[in-house]
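Peer 1: Chains A and B supply the protein sequences, listed in that same order. Note that the first sequence covers residues 227 to 469 in the numbering used here. Note that the second sequence covers residues 13 to 255 in the numbering used here.
Simulated from the structure, these hints should not be mistaken for laboratory data. Cβ coordinates follow ideal geometry from the N, Cα and C atoms, glycine included. Honestly, I wouldn't trust all of these hints.
As the list claims (entries may be wrong) - Simulated DEER-style distance windows between Cβ atoms:
{"hint": "1", "chain 1": "A", "residue 1": "Glu323", "chain 2": "B", "residue 2": "Arg33", "range": "35 to 45 Å"}
{"hint": "2", "chain 1": "B", "residue 1": "Arg184", "chain 2": "A", "residue 2": "Phe374", "range": "21 to 31 Å"}
{"hint": "3", "chain 1": "A", "residue 1": "Arg341", "chain 2": "B", "residue 2": "Ile216", "range": "35 to 45 Å"}
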Amino acid sequence: VSDAAFNYRSEAFAFVEEIDRVSEPDEIVRRMQRVLDRSGLGALTIGHLPSFDEQYEDGVLVVRDMPAEYFGVYVEGRYARVDPLLRRLRDSVMPFEYRVEDDLEGEPRARELIRRRREFRLGEGLMIPVPGQHGIGYVWASGERPEFAPGAKPALHLMSLYAFDRISSLITPRPANRRTLTEREREVLRWVAAGKSAWEIGEILCIAKRTVDEHTQTAARKLGAVSRTQAVAIALRDQLIAI
Amino acid sequence: VSDAAFNYRSEAFAFIEEIDRVSEPDAIVRRMQRVAGNFGLHSVVVARLPNGNEQRPEDFVLVDKMPAEFARLYVERGCVHVDPVLRRLRRSAMPFEYRTEPDPESEPRAREVMRFRRDFGIRMGFVIPVRARIGTGLVSVSGERPELPSDTKPALHLMALYAFERISDLLRPRASERRQLTEREREVLRWVAVGKSAWEIGEILCIARRTVDEHTQTAARKLGAVNRTQAVAIALRDHVIAI
Chain A
227 VSDAAFNYRS EAFAFVEEID RVSEPDEIVR RMQRVLDRSG LGALTIGHLP
277 SFDEQYEDGV LVVRDMPAEY FGVYVEGRYA RVDPLLRRLR DSVMPFEYRV
327 EDDLEGEPRA RELIRRRREF RLGEGLMIPV PGQHGIGYVW ASGERPEFAP
377 GAKPALHLMS LYAFDRISSL ITPRPANRRT LTEREREVLR WVAAGKSAWE
427 IGEILCIAKR TVDEHTQTAA RKLGAVSRTQ AVAIALRDQL IAI
Chain B
13 VSDAAFNYRS EAFAFIEEID RVSEPDAIVR RMQRVAGNFG LHSVVVARLP
63 NGNEQRPEDF VLVDKMPAEF ARLYVERGCV HVDPVLRRLR RSAMPFEYRT
113 EPDPESEPRA REVMRFRRDF GIRMGFVIPV RARIGTGLVS VSGERPELPS
163 DTKPALHLMA LYAFERISDL LRPRASERRQ LTEREREVLR WVAVGKSAWE
213 IGEILCIARR TVDEHTQTAA RKLGAVNRTQ AVAIALRDHV IAI
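Excised from the complex, chain A in its bound form (with noise of 0.2 Å):
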């Protein structure tokens, strides 16, 4: 075991152990940085994968050191849609380190979207995926030439985990902004993506038929669905509720 190897280890379960103790994002963010220094990962982003009607910034929690200009160029640029930054991430569920893309043929949009990325030294890096109370969320760190030494991403994978389970308990996302379900009503989505019926879920949950048929017309209502099964693959989509 080298070194280096011995020390992302033992700062990664530090950082867990303390981090519960820690009431500052920009604390919890420092400390990681400590870590992601070293494999050259400067910038940093936290955030919630935001829904494909949402606005990107919507879904981000904690910045730090990324360039001033680059939320408003991939604003303005309306980027969200076309980044396969974000497509790869919506598809994965384990860290992944991202290079230079060269799998963009036909797509002016998108190679745009990663030649400004590199302009902002953000061309590399590492995203990870991460589970949260109201779907995905994803740790995105980036650099211009990140090296990873062995047990690097493991550790940086165990100290996103908790970062941002930590960070999202101490910032509560702009209610307005994101199409929020009730437990009730994401318990209810998920028995129907089972293939129950409301009789058959009203069972299971003790309540009456007609009560499930209220929250399942509430959640469709709120997704902008015309039908139950259309709720369900909205609500599977975004990442509202798993099966």
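Chain A is already provided as a structure; the job is to place chain B on it using the hints.
Peer 2: The following block gives chain B in isolation, referenced to the frame of chain A:
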């Protein structure tokens, strides 16, 4: 930090480094079991979240180190619908502990599930929720010991995430063979997912309504779904379709 916990941490990192070279799900779980066994927790279960339609344990349990009777009886007695551990799992992004001692506050049916666990010698369990490409899953370690030292939990958490990912990767080819949908069936399902009725889909694709129904039913059967909503849910989860 105790010595035991310290070894545990190195073990967790070594586990992650080596796991890609282990090609037997059983070997991965045995290794977790050996580690958790140091803390008196001898039962390990790796499973996907059951939805209540499963007839047999192998429909949702990927690997388990439990008496064979446990999973069979768990399904037979309909525990899936009332198990307070599963209920909590559906709401949780982070690991949690449960105890099986009688809780006068809980519902009678929930109490029965906990007594059932106690009959198998389980006093305490540590459950790690996992978001995986094959859906939500869990890794649980449980046993007779009433306590798990808190500084070992992050290590078990990390191991569980990588173990689940690796195991579901190893088992995936078998699952996907059963799920070969035709292009037409996927097309129909995509329209169902965006809220279209069978009649509307018939109009869109210029085919008879009855043909639409047949495609939907065949797709549902192939996916092991009991109705079209569940068929859409499973197809989205397994990336058979996207919306």
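Peer 1: Against each hint, give a clear statement of whether it holds in the structure.
Peer 2: Hint check results:
no., hint, result
1, A:Glu323 with B:Arg33: 35 to 45 Å, "violated (20 Å)"
2, B:Arg184 with A:Phe374: 21 to 31 Å, "holds (26 Å)"
3, A:Arg341 with B:Ile216: 35 to 45 Å, "holds (39 Å)"
Hint compliance for this structure: hint 1 is the single one not met.
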